[in-house]
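K.L.:
From first to last, the protein sequence lines stand for chains A and B.
Note that my numbering gives residue 251 to position 230 of the first sequence, counting from 1, and the numbers run on in steps of one.
Note that my numbering gives residue 1057 to position 67 of the second sequence, counting from 1, and the numbers run on in steps of one.
Derived from the structure by calculation, the hints contain no laboratory data.
Remember, it's a predicted structure, so these values are computed and weren't measured experimentally.
Think of the CB as a built atom: it goes at the ideal place given N, C-alpha and C, for glycine as much as any other residue.
Be careful, since some hints might not be right.
Unchecked claim - Sample of chain A residues facing chain B (criterion: CB under 8 Å; computed from the structure):
no.	residue
1	Pro95
2	Val97
3	Trp144
4	Ser256
5	Ser277
6	Leu294
7	Thr297
Stated by the list, open to error - Here are the computed lysine-lysine pairs in the BS3-like style, where the Cα-Cα straight-line distance is at most 25 Å:
no.	chain 1	residue 1	chain 2	residue 2
8	A	Lys187	A	Lys242
9	A	Lys187	A	Lys212
10	A	Lys52	A	Lys359
11	A	Lys92	A	Lys82
12	A	Lys168	B	Lys1069
13	B	Lys1069	A	Lys242
14	A	Lys199	A	Lys188
15	A	Lys188	A	Lys242
16	A	Lys307	B	Lys1069
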Amino acid sequence: MKKLAIFIFSLLLFSPAYALPSWFKEGVYVKYALLMPEDRGSRDFQIFTLHPALLSSDVYKKLLQVNERWKDAPEVSKVREDKPIGLFVYGDVFLVFRVVNVTGESALINVTLELYNISVNFWRPLDALNISTLLTLNLTDLTYWDKNGSVIGTPSFFIDPQNPPKKGDLIVKTSLLKNYGVHIDGDLIVKNVSYTVHINRTLLTYVRNFTPPYITVVSNKEPLIWAVGNGSLSSSSSFEAIYDFDSGLMIGLMPSSQPSEFLALGIIESSFLDYTATKNLHKLHKSGEDSVKWWLQGFNLYETNIEFWEPKKVEAPESSMKYFFIVGLFLLIIILVKRLMGERK
Amino acid sequence: MKKLLTGMLLLGSLFLSLAAAANGISLLSCWYPWDYDTDVHQWNDNEWVWAGVRGQVEICDGEFQRILTNTVRHTAYWKGVNVDPSRDVIRRAYPEYAVTQIHYRRINGDDGYATAYIPNFYR
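Build out the structure end to end from the sequences listed, making use of the hints.
P.N.:
Encoded structure:
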């Protein structure tokens, strides 16, 4: 009996207790955006490189359709299963996280990347594409598991503010790419957790303003090489995101991060920038407001049904007590004056 | 015998001329010019980024066919900005497109890319 008590006690002590943020409930969604301004520059576009073997069959089928639709495009730009698919995106991009289901130990997270005004392999236009996947989030250690039961990484869109990531914690299991002909040394792990980034600045997003402090999580940066057929790709993989201190929610995903959800979607590397946020940031630079305000330049919070705790001005409730105080004060002064007068006499 | 020989020669020359003609068509209509692109971002003399890419492209009947990927050269230069040469220079070279991108971070905290791509003039 005593042993059992000790066992339970030690279990309570040593098991990492992940407290989910209070907003983490079924039905919650969080949407991030890269918005393309109307006066888009000729070199303003996003590039996402997809690995056909990692794509879901319906997304791959949808991409195959561009082969039929654009027969006059160069033969080499056909979508094929033995080479990467490059998406040049000239319109808006949204990254949506939906908490579909929460049970005791796990949650189902739907992750969708919505892309608009695309050119597949540079030549084959496509109006829109949704890449989506359903991930199982283990709530005891906050890691995603794929269908085969292997760990993919940790969620990017929130952290547990009570128990933030520590140095060396896994972020993305990028070493999984080795099984698909991609050369990469290792996984993305937490290299640094900082509480001082933008410490004096309000962070502006499309939803609301966030106030410091923030929690910034930065990973190592791994070179990535993929030689395929006549082509070659030489890029890198890294992760950097900034989180709200109170809710643990991601405010922005820095360019050009590779969250674990991208890997699950079949994206192996990308270069993205929120060109609208960049414009807004440049305005802040010009007006000199950049010392107190800032726009992050990657995926920015765009829409959510999470209700944030808003700080309010505290005011004393209106009551008649204050008149009693004033009357009392007057009486005190009168008594004091009378006494002083009396002493003189 | 003489007739057979002449016949053979005639037939042979017919095949040869046919082959030459077929070759001639493709030789005449395909050519391999060099295409290139640069993207320069300069804020002052001591702060700039320069991305470039060049390579030979195959053009047949005036239409782009492919990039000869073994001719593609990526160039990346910068000064006064934060760039890790082994990680922040992205090189993509495929038969359908080639891109050089430098992901830079300025001292004032700005993120950005210098992006050069081909086909550029032969698109």
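K.L.:
Take the hints in turn and mark each one as holding or not.
P.N.:
Going down the list of hints, with the structure as the test:
| no. | hint | result |
| --- | --- | --- |
| 1 | Pro95 | 6 Å, holds |
| 2 | Val97 | 4 Å, holds |
| 3 | Trp144 | 6 Å, holds |
| 4 | Ser256 | 5 Å, holds |
| 5 | Ser277 | 6 Å, holds |
| 6 | Leu294 | 6 Å, holds |
| 7 | Thr297 | 14 Å, violated |
| 8 | A/Lys187 / A/Lys242 | 17 Å, holds |
| 9 | A/Lys187 / A/Lys212 | 8 Å, holds |
| 10 | A/Lys52 / A/Lys359 | 71 Å, violated |
| 11 | A/Lys92 / A/Lys82 | 16 Å, holds |
| 12 | A/Lys168 / B/Lys1069 | 47 Å, violated |
| 13 | B/Lys1069 / A/Lys242 | 21 Å, holds |
| 14 | A/Lys199 / A/Lys188 | 24 Å, holds |
| 15 | A/Lys188 / A/Lys242 | 14 Å, holds |
| 16 | A/Lys307 / B/Lys1069 | 23 Å, holds |
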